[in-house]
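> One letter stands for each residue in the lines below.
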Amino acid sequence: MNRKEVILSTQSLGKYFYEPIQFKVLDDISFEAYHGEFFTLRRTGGSGKSTLLYCLSTMDTIYEGELYIKGEKITGKKTDELAALRGHNIGFVFQFHYLLPEFSCLKNVMIPALKLGKYSHAEIENRAYEKLEMLGLRDQALKAASKLSGGQQQRVSIARALINDPSIIMGDEPTGNLDSKNSQIVFNIFKQLAEEFNQTVIAVTHDNDFAKNSHRTIELADGKILSQNSNTPDPNISS
Amino acid sequence: MKLAVNTEIALTHISTRKRQTLVAAMGVTIGIALYIFSDSLIKGFAQYSRAEMFKTFPHIRVYKEDEISQPLFTEADTNTVVLISNPKITTLTKSIVNPYLLLDQLKQHSYITSAAPQVNVDLFYNNGRSQLKGLGAGVNILEADAMFNIQSTMLAGNLQALASNLNAIIIGKGVAEKLNLGLDDNLSITSAQGLQKVMKVVGIFSTGNKATDESKSYVNIAAAQQMLKVGPDYITELYASVDDPDRSPEYAQKLQAITSYKVEDWQTSNADTLASDRIRAVMNTSVAFAIMMVAAFGIYNILNMTITQKLNDIAILKATGFSGKDIVRIFVLEALIMGVLGTILGLVTGAVLINILSKVYVGPPIGYFPIYYRLDVFAVGAIFGMLTSLGAGYLPARKAAKVDPVEIFRK
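Taken in order, these protein sequences are the chains called A and B.
For what it's worth, our numbering labels the leading residue of the first sequence as 1, then goes sequentially.
For what it's worth, our numbering labels the leading residue of the second sequence as 1, then goes sequentially.
Hints in this document: simulated from the structure, not taken from any laboratory.
Hints are not guaranteed to be accurate.
No farther apart than 30 Å at their CA atoms in a straight line, the calculated lysine-lysine pairs in the DSS-like style are these [as the list claims (entries may be wrong)]:
(1) A:K147 to B:K18
(2) A:K70 to B:K18
(3) B:K310 to A:K77
All chains should be built: construct the whole structure from the sequences, respecting the hints.
Here's what the structure looks like:
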């Protein structure tokens, strides 16, 4: 594993909120994330971490400073270019699953790949089955997304995030709505993605255990980076 | 591929909200059906009234216009006082000079399908002491039939009998009733020139126009000339039919170049009728437009509602690589599906309404209701339906494309 290859970096990222009063929510955030790294952003009071994640995700384009993904400057690109870039490079897992309720689990997983259009329909279907298999949901594939339990839905949304083999997977409180058992499953999947598939996982969390067991944690306080710690992986948890 | 996934999403949205789709489509259906129905009604009626008009009016009419005397002094001179200025009609004769030469010249033009001479004579129909004022049309009855389809108005008798008998007359239904005349009865007529003649009634017609039926009659040209005490070269009017009645003014202008007599197209003679046709068409289009606006608003509303309910879906689609254009395509496609559905149903409903009304018998002289299937009306209806749906879909779709996913995810 090449740990030192930078995949995403920021230079003095800053952002203001104007409501209710002007308030600097991110201040001079500079860091790098590497290939195959499981990386967490943790809050120690105040907001800001989700805001940072949305800036990193390219969905929020109003910020100061610069963002680079795979060495390419992202800041200043047009929204449609950014949408295509997200399709190629970034998978998302949110606190809420955001599955399309009218579609089956399989279709939900397939849609981003169908949009990207890199593979044929049959191949995409195969790959979607593979991802669901990996997350232990193959038998649920043809059920409507709305019929599954919360934990299952969250895993479907992870499968959806993985369908295009993105280099970066971003999670916004991915275990926020899950019980401890499902949280553990999601955690293990993330770890596996980073260590076995060499994908970069960037997750925002308020869960100390979750953060502690990731490879590296950035702690934010009042919009600034408080500390960057490399964690010692817990041998009991790593798969 | 790109289109396929957008289409699939649009189709899924549509198929999971069948009822709302149907309601939106119904709006379009009603709009299109009413447009097609009312426009067909108006166009059918215009077609009918035009056909009625062509039973009495030729496409092109050539006649001698009354001449007004010119003043003796054309230039006003300060030293001259004009004592007499009294313009008068100076037409000595209504006849066209050398009419058959002019008739041949008319017939040489490829757009003239038929041309015939006519001699009109003012006359009185007498029955004992009662008199009825009328107008005798001296015609070659077979040529006139080709032009005005007189046969279709005949209630009794036949046209051949007129052609073969110089003393025969075909009278209107009103004349027959007022003077208590039947087929083969004798009728005494008097012309304004004072000539009296006994004619044999060989036919009775009814045009549906009371004034015409109570005054008009057909006689042979020779009989009419006799009544006027003139010779066989006395022809007052030449009538011509053309291949395309709508181009009559253009043809009339061309013909005017070859003769000094007045050439008049039917549009000029019937400007009032045509103007009221146009006003009806404008009124109808405005009403149909208003109905379609309401239908478009229905689509707009339902799509707006769909988008408000689907903000989460739009946000995740945008997060996973769908551009604003993709979102617009998805929702415009949904509007188009509603529009196509509504338009097809509207075309069918319109056709059914026309079919029902065309079977309603109004009674003579109209017969069945004059409403017809017209391709142009259906085509305009379909295009109208599609365009309004497109417009009604685009506005909310553009709004959906502007949804900021971050704002949705933050909630």
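> The structure should be examined with respect to each hint, and the outcome stated for every one.
Verification of the hints:
{"no.": "1", "hint": "A:K147 to B:K18", "in the structure": "21 Å, holds"}
{"no.": "2", "hint": "A:K70 to B:K18", "in the structure": "45 Å, violated"}
{"no.": "3", "hint": "B:K310 to A:K77", "in the structure": "27 Å, holds"}
Of the hints listed earlier, the one the structure fails to meet is number 2.
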